[in-house]
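2 protein chains.
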Amino acid sequence: MTEHFAFHLKTTDGLARLGEITTSRGVIRTPAFMPVGTVATVKALYPDQVRDAGADILLGNTYHLMLRPGAERIARLGGLHKFMRWDGPILTDSGGFQVMSLGKIRKITEEGVAFQSHLDGSRHMLSPERSIEIQCLLGADIQMQFDECIELPAERREVERAMELSLRWAERSKRAFEAQRAAGGAHAGQALFGIVQGGTDAELRHRSAAALVDMDFPGYAVGGLAVGEGHEAMIATLGQTLPALPTDKPRYLMGVGTPLDLIESVRLGVDMFDCVMPTRNGRHGYAFTWNGALNMRNAKFAEDMSPLDELSSCPGARDYSKAYVHHLIKSGEFLGAMILSWVNTVFYQDLMAAMRDAIAHGRFAEWADETKARITKRPAAP
Amino acid sequence: MTEHFAFHLKTTDGLARLGEITTSRGVIRTPAFMPVGTVATVKALYPDQVRDAGADILLGNTYHLMLRPGAERIARLGGLHKFMRWDGPILTDSGGFQVMSLGKIRKITEEGVAFQSHLDGSRHMLSPERSIEIQCLLGADIQMQFDECIELPAERREVERAMELSLRWAERSKRAFEAQRAAGGAHAGQALFGIVQGGTDAELRHRSAAALVDMDFPGYAVGGLAVGEGHEAMIATLGQTLPALPTDKPRYLMGVGTPLDLIESVRLGVDMFDCVMPTRNGRHGYAFTWNGALNMRNAKFAEDMSPLDELSSCPGARDYSKAYVHHLIKSGEFLGAMILSWVNTVFYQDLMAAMRDAIAHGRFAEWADETKARITKRPAAP
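Protein chains in written order, with the UniProt record's numbering: chain A, 1 to 382; chain B, 1 to 382.
Warning: the hint list may mix true and false statements.
Heads up, the list lumps identical chains together, so a pair's fine if it works in one copy or across two of them.
The list that follows gives simulated cross-link-like pairs (lysine-lysine, DSSO-like), each with its CA atoms no further than 27 Å apart [to be verified]:
1. K107 with K174
2. K107 with K249
3. K330 with K82
4. K300 with K330
5. K174 with K330
6. K300 with K372
7. K330 with K104
8. K82 with K300
9. K372 with K104
10. K10 with K300
11. K10 with K249
12. K372 with K10
13. K249 with K174
Calculated directly from the structure, the hints in this document are not laboratory data.
Remember, predicted model here, so these are calculated numbers, not experimental data.
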């Protein structure tokens, strides 16, 4: 009954890849961008808008959901899909990244991470075993190994230490996931991905990738990027890391990124992305359009009655004028954040669809050059 | 080409009235509830949701819109309807109420009100003539005379002074509106309403009503209620005031109210209402349902997977569980405010539709008793 988790590489164009991931909850067309539904909602969007935007899969955050409303509670209520009204696939992160960026008074040991909730100070422990247990309670279709993600720049030996620890946690995550499967807590339509760490150091990345490939995960993420190293260093590291990964498994670049980041990463062979940028930047007044990113707070839009983006497939981008959205954002109105989060989420899905189309037609490089020329403006970090 | 403004009283049931207001932008079925679109948006709702809820007419706030984005700017952009994508009728208040509740360092003279913006401290003057000019620039289908609305309780002579001043401002508002019509700033499909003042004093209310009726407005509002006097005093004042108004003109009770307020006011013969309660209470976590008002922050909803309101005509009330909305509200997520503002806006429209149906079938009193028994819970003020 349950579809087995599988990845099918349909075609390539240079290093860029067109594929499909099959899960028991449906097919994910790759390259794919996953909107982020941190606390069981993609911020300021109705689930129907996310679906209609063309998203095949969402991301949920283990750290946030374990604290509120709690993994056991979500399990009692029928799982995350039912809870948030999203019947497509969901990927959950392991909590590793956020426990370190948001949690307080943390202590990292071989066992895991002890921390206090940023919400109420309550004490918690995340370990590879507990992370997988939570991801299974949530019912995530794609789960991530527990890892330690450090900020860059960092000393090489610190990067190496975290990478080695993450490898040991990868082993434990894998055993925990297999135990869940054996006990009925996960099924064959779900999968656990390993995460390559190693900062911007090619040798560390290669060691991490080789060890994970030995463990034979059904998919591999590249973690620990977009954490302060900049676009060029990120793309360079990616170019050195991806060749160490098998071509018959999906590759997921975590927490990335700008439209330019996505284009350059797909060019190198990345299949999956997630990022809060479309919604976070939307809330802060930035619109991603086919004419570049626009800061809707700019006074030049105050009397511009042209639509936000007449080239968008998003009804909101065609219906609402720049002048109106400028007014809404300046006034701090919900509808401004709602419209821009919607427009940006659709833009990101349209961008991925355009990349898939370009790869299918063997003209990715040409498409990428044209598109980058159009999307020259990158929004300032809000 | 332009439909003339008109009111048609279709039938009555006791004092309750079923009617239709015709404007050049469409018909308003009465009794009608007008969602409040303070700064050119009904908070946390897409305009399509407001329309689909069954609202025939919206309210816009002169005070807010004159300050941001500015009436002249909206006029240059084609008027308020085009600006906010609402092609049905719009009623604007005169700015009188809000200039006194929100504006700073105000000075009230015979001429009008001098005040400073609550946004940036800029200095402005509102007078009957300027208020009408602004309402015409916005393109409001129903406009309100400029008035002085004072807080209750107040000394009788203070209530009388404000009522008398409001009558003189009514005359000036009417002359200004007629001048606008003569100059092409307004047309026959638009109308100006007078506002009865006088606090909770029946004699003052009668004097105010009689003077306004002498001026022959196409509609009359009852202002200066729901400003601290309580439900019973409001209903008592309404019962004394409405008989002084002609039966062939619409009656509009400003800024009211709870579902119970609406039912009791319709029973006495009110045709139109506006209130921020559906959206404001929604943002604060309150749901109006056919089983009473629910405070969605209450922990008892944390694992209640039943829909918000299975009797609602709002898809959001049937699709989303109480447990999920509880989580969203507790987490301060946009979607919580979006869902509850939507559900409540639909509830208010459904309530008005049910009242119209009950009047049409001559069973308003019976319907009101049944409905009040169901809607026993009134939400605490957030």
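Verification of the supplied hints:
In the homo-oligomer, the alpha carbons of K107 and K174 lie at most 27 Å apart inside one protomer (23 Å), although the nearest pairing across protomers, at 73 Å, exceeds that limit. Taking the shortest alpha-carbon separations for K107 and K249, neither the intra-copy value of 34 Å nor the inter-copy value of 73 Å comes in at or below 27 Å. Taking the shortest alpha-carbon separations for K330 and K82, only the inter-copy value of 19 Å comes in at or below 27 Å, while the best intra-copy value is 36 Å. For a Cα distance limit of 27 Å, the shortest separation of K300 from K330 inside one copy, 13 Å, qualifies, whereas the shortest one across copies, 38 Å, does not.
Proximity of K174 to K330 under the C-alpha cut-off of 27 Å is found in neither arrangement, the shortest distances being 49 Å within a copy and 34 Å between copies. Within a single copy, K300 and K372 get their C-alpha atoms as close as 24 Å, which meets the 27 Å cut-off; across copies the closest is 52 Å, which misses it. Taking CA atoms no more than 27 Å apart as the test, K330 paired with K104 passes between copies only; the shortest distance there is 21 Å, against 34 Å inside one copy. Taking CA atoms no more than 27 Å apart as the test, K82 paired with K300 passes between copies only; the shortest distance there is 19 Å, against 44 Å inside one copy.
In this assembly of identical chains, K372 and K104 lie within 27 Å of each other by CA distance neither inside one copy nor across copies; the values are 40 Å within and 50 Å between. In this assembly of identical chains, the alpha carbons of K10 and K300 never lie at most 27 Å apart, being 45 Å within a copy and 50 Å across copies at closest. Taking the closest pair of Cα atoms, K10 and K249 come within 27 Å of each other only inside a single copy of the chain (12 Å); across copies the shortest separation is 70 Å, beyond that limit. In the homo-oligomer, the alpha carbons of K372 and K10 lie at most 27 Å apart inside one protomer (25 Å), although the nearest pairing across protomers, at 63 Å, exceeds that limit.
When the C-alpha separation of K249 and K174 is checked against a cutoff of 27 Å, the pair qualifies only within one copy, where the shortest distance is 16 Å, while the shortest distance between copies is 75 Å.
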